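*Asks:* The hints should help you fit chains B and C onto chain A, whose structure is shown.
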Amino acid sequence: MEGIVGYGAYIPRNRIRVEEIAKVWGADASSYRKGLLVDEKSVPSPDQDTITMSVEASKNALKRARINPREIGAVYVGSESHPYAVKPSGTVLAEAIGATPDVHTADFEFACKAGTEGMFVALTLVKAGEIKYGLAVGADTSQGAPGDALEYTTAAGAAAFIFGRENIVAEALHTYSYTTDTPDFWRREYQYYPQHGGRFTGDPAYFKHIVGAGKGIMEKSGLKPADFHYVIFHQPNGKFPFRVGEMLGFTKKQIEPGWLVNKLGNTYSGSSPMGLTATLDIAKPGELILIVSYGSGAGSDAFVFRVTEKIEEVRDLAPKTRELLEKNRFYLDYGTYAKFRQKIRKAS
Amino acid sequence: MREVAVIGVGMTKWGELWEKSLRQIFVETALLAIDDAGVDKVDSLIVGSMSSGLFIGQEHIGSLLADYLGQTPIPAARVESACASGGLALKMGFLEVASGVSDIVMVGGVEKMTDVSGHEATYALGTAADQEYECFHGITFPGLYALIARAHMEKYGTTREQLALVAVKNHENGSLNPLAQFPFPITVDSVLNSVLVADPLRVLDCSPITDGAAVVILCPLEMAKKLKKPIVKIAGFGQATDTIALSSRRDITWLESTYQAAQKAYQMAGKKPEDIDVVEVHDCFTIAEICVIEALGLVEKGKGGKAVEEGLTSLSGKIPVNTSGGLKAKGHPVGATGVAQAIEVVKQLREEAGPRQVKGARLGLTQNMGGSGGSAVVHIFERV
Amino acid sequence: MPTPARFWREIPQRYRLEAGKCKRCGFIAFPPRLICPACQNREFETIRLADAGKILTFTIIRVPPHPFIDQAPYAVGIVELDDGVRLTGQIVDCDFEALKIGQRVKIEFRKIYQDGESGVIYYGYKFVPE
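One line per chain: the protein sequences are A, B and C, in this order.
Last residue of the first sequence: number 348 in my numbering, and the count goes up by one each step with no gaps.
Last residue of the second sequence: number 1384 in my numbering, and the count goes up by one each step with no gaps.
Last residue of the third sequence: number 2130 in my numbering, and the count goes up by one each step with no gaps.
Since the hints were derived computationally from the structure, they do not count as laboratory data.
Just so you know, not all the hints are guaranteed correct.
[As the list claims (entries may be wrong)] Straight-line alpha carbon distances no greater than 25 Å define the calculated DSS-like cross-link-like pairs of lysine-lysine that follow:
#1 C:2100 / B:1306
#2 A:327 / C:2100
#3 A:327 / A:87
#4 A:346 / C:2111
#5 A:34 / A:263
#6 B:1155 / C:2111
#7 A:63 / C:2111
#8 A:343 / C:2111
#9 A:59 / C:2106
#10 A:87 / A:59
#11 A:263 / A:339
#12 A:320 / C:2111
#13 A:59 / C:2111
#14 A:63 / C:2023
#15 B:1318 / B:1301
#16 A:59 / C:2054
These figures come from a predicted structure and were not determined experimentally.
Just chain A, with the same shape it has in the complex (with noise of 0.2 Å):
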C-alpha cells in the first residue's frame, strides 16, 4: 500500500481585486467576475517564486509527515515559472529541507500539469519499491500578459506531497494519464508571455483531456461518479471545473470543497494539487478523491485516493488551505501589482 504521508500548501498573502484590473484596462469588471467566476486572485511579493513557495508548502507537508528529511528519495518541483532556465528549483528546495545529498531530484514542466506530474513520478517509486518516500511540488507564480484575459486568473501559490509506504493518511488507488499534442497554449523561449488560442482552449483542450482521463481511470478502475466523495479539476477560471464535472457526471456538491479559484485564481502546476490539498483538509477516513489535473500541450493526470484514518491526526499539524486563502490577506492597487509582477519596464 501506498499513498500520501504529508500534504502542505503555501498561498502568498498579496491579492488583487478583478475590479483593480479592469479599471485599468477599460473592462467591464463585473463581466469578468461573472464570466470567470473569479473575484479576485493571489499575488506574489517580488521576493517569492516558485521555489520560496515550494520549500513552504514543504515545510508544511514535512509537519504532517512527520518523518525525517533525510529519508526522502526523490524531490520532484513541477512549475511553468522555474526561476532559472537551467539550474533545478528541486535542489534549492532538497537543500532547504535537509534532503540532500542522498536524492534524487528532478524539475517538471508540462504547462498546469507540471504539479502532478511530479506526483506520479515520486508515487510510482515509491510503489516500485525504489525509493522510501517521495516529495513532490506543483508550484507555480504564472504571468498573464498585461490587459489580457489571462491577467484576471494567473495567480501564485505551491501544494506539495510526500509520498510512502508508512503512515499513510491518503491511499493511492490508481492513476491514469491522457496525453495528445494539442497546441492550446504555449510560450517558446525568451518569450516573456505565454500565447493561445482564445476558445481553442475550451472543448479540444481542457474538456477534451480531463473527460479522456477522468473516463479513462473510471474504465480502469471500475468505479462511477456516485463513488467518489469529492472530485478535484485543474481550475483555470470557476466555471471550467463544474462544466467538465457535470459533461462527466459529479455533482456540484463534489467539486466544491476543492474549488479555490474564485478567490485564489489559477495557481497553474498548484491548481488541481492544491485544491487536494483543501479537500484533505476536511475529508473523513475511508472517504474517495478524484482528482484530474490538465495541462495546456496537453494533457492529464488522474489520481484516486481513499482517506485513512490517519489523516485526524495529522491534519492540525500545518495550516490548512483555506486558512492560507483567507488569513491575512494584502490588497494591491495595480501598480504595486505591476511592479511586484515585474510588468513595468525599467532603465537596466
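*Replies:* Frame of chain A; chains B and C shown alone:
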C-alpha cells in the same frame, strides 16, 4: 614609555573636493601640520583610511603618501578600523613615539569619497558591518543606527526631538568653524521634515559623504617643551572591540566598546569623566552621540537624550560636545575623522578655537568609533 | 555582493539555519564558529535554530543599497528567536504601521536578492508576523 605631545596640527576645508585627488588633499594638509610643528622632516608616517581601495582603487597609501610628501625612505603604514581608522592611527603613532622607536611621527587620516557614485560609497561604508549576516539582508548604516535609535527610544523614552537637537547643536557649532563642510545652522523643524532614510532617522540625522584629511605631528614631551608654544600631551588612550554584528550585542542600546575604551583611557590618564572639559565624539548619526556620551560616563545610562535637550552638551553647557560641529556639520571623510577630533581638542586646549573656544579647557577627550560600535578608540589630551 | 562560492558555503545557515552549540557551555553560535566566545571551548554540535521569535527592534529602509533598490521601502529588524539567538533580517508581509517591538514573528524562506537579470538568485530567511 615616554610621554607624547602633539606639536603640529593641519586641516583644510572639508567638502566635495572635486578638483583634488586623495594624494593632493593629504599632502596639502600634511604640509600645514609640518609648518605648524616647525619641523622639516618626520621619522614615520601612519595614515588612517577606511578604504582607499574601495573608494579610489588605491591601496598601499602609506608608501604613496610618504613618497608624495617627499619623505621616503621613512616607514609608513595605513591602518584601518572602519570609521575609527583615524583614532587608531593616532594610537599607533603614540605607541611609536612612546616606545622610543621614533621621535617625530606624522599621524594623518584621509578619505576621498566622491570619486565613486553614492551607491558605491554606501557600499564601501557598509563593509564596516557584517557582510554575510547584516548587509546580505539589506541593512544599511543608517538602518543599523535606526535599529539602535528605536530600541533606545523604547527603553529610555528618548524622543525624536532629542535626536534632532543633536544635529541642531552640532550645526550651531559648525557654523563657527570655517573648515566645516556645512558651516550653517539648522532648525529642529528642518531635521524633522527632512526625508526619511531609515525610520526614525532622516537625512539630517546622518553625517555626510566628504572628502578631506587631517594631520597631527607627535613628538616626545621633552622635545616639545623646547618649543615656545602651549603644549598638549596625550595623557591616555584606550581601544576596544565588540561584536561586529549589532544583533550579537548584549544590549543593543549600549556602546560597550566605547565604554571599555574610555575606561582604559581614564585609567591611563588618571582622570574621571567629570574632569573632562571638552569632548569630540563620533556622531555618525544623531543617536550615536546620545549613546556615546552615556558610554563615556558623561551622563547616566539612558539619559543622553535628556542631557542634549537640557543643553548640557552645548557650547555654553557644562560639558561641551562636538564644538567642531561634529561629523554632522564638519563632515565625515571616514579615515580623517579620528584625527580631526584630536585637532579640535588640541586647538581648544591651546586656546586657538576662536568663537568656539571653551574657556579654561585643560582636559579634552576624543572618541572615534567603527561601524555600529564594533571598535572604539578614545584619547585623552591634557594641556601641560 | 557574494560570488557563487561565497554564497554557497553559507547555504546550511541561510537555508536551514544550522548553528553550532558549544558542548561545554551551551552558547549557540550563528553562524557556527571554531572557538566559543563565551568559554573558549572548541567543540560544538550542529543544531537548527528555532523558527519563531519576537521583534527586538526594527526600522524601515527607504534608501536601500544597490542590490535592494527595487525592494524599498522594506522593514528590517533584529529578532530574538525562541532559543535566545538574535538574527538580523527583513520583516515582510507586514503593515509598517502595525510593527511593534515585542511582536511575534516566524521565519519564512524567501529570495534575498538576485545578481541582476542574469546572475545567481540568493535565497535565505526573512520574518513574517505570526
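*Asks:* Now tell me, hint by hint, if it's right for this structure.
*Replies:* Evaluation of the provided hints:
A threshold of 25 Å between alpha carbons decides the hint, and for residue 2100 (chain C) with residue 1306 (chain B) the separation of about 24 Å falls inside it, so the pair holds. Simply put, residue 327 (chain A) and residue 2100 (chain C) have alpha-carbon atoms about 20 Å apart, close enough for the 25 Å limit, and the pair holds. Between residue 327 (chain A) and residue 87 (chain A) the CA atoms are separated by roughly 33 Å; this puts the pair beyond 25 Å, and the hint is violated. For the hint linking residue 346 (chain A) to residue 2111 (chain C), the alpha-carbon distance of about 20 Å falls within 25 Å, and the restraint holds.
Of the supplied pair hints, the one linking residue 34 (chain A) and residue 263 (chain A) holds, its CA atoms being roughly 13 Å apart against a limit of 25 Å. For the proposed pair residue 1155 (chain B) and residue 2111 (chain C), the alpha carbon gap of about 33 Å is over 25 Å, so the pair is violated. As the CA atoms of residue 63 (chain A) and residue 2111 (chain C) are separated by approximately 22 Å, the hinted pair is consistent with the 25 Å bound. Between residue 343 (chain A) and residue 2111 (chain C), the direct Cα distance comes to roughly 19 Å. Compliance with the 25 Å bound is thereby established for this hinted pair.
A hinted pair counts as satisfied when its Cα atoms are at most 25 Å apart, and residue 59 (chain A) with residue 2106 (chain C) qualifies at roughly 13 Å. With a CA separation close to 22 Å, the supplied pair residue 87 (chain A) and residue 59 (chain A) stays within the 25 Å bound. Proximity of residue 263 (chain A) to residue 339 (chain A) is assessed by CA-CA distance (about 22 Å); at most 25 Å being required, the pair is judged to hold. Taking the CA atoms of residue 320 (chain A) and residue 2111 (chain C), the gap is about 24 Å. The hint holds against a cut of 25 Å.
Proximity of residue 59 (chain A) to residue 2111 (chain C) is assessed by CA-CA distance (about 16 Å); at most 25 Å being required, the pair is judged to hold. Note on residue 63 (chain A) and residue 2023 (chain C): the hinted pairing is violated, with a Cα-Cα distance of about 28 Å set against a maximum of 25 Å. Taking the CA atoms of residue 1318 (chain B) and residue 1301 (chain B), the gap is about 18 Å. The hint holds against a cut of 25 Å. Taken as a hint, the residue 59 (chain A) and residue 2054 (chain C) pair is honoured in the structure, with Cα atoms around 21 Å apart against an allowance of 25 Å.
In summary, the numbered hints that this structure violates are 3, 6, 14.
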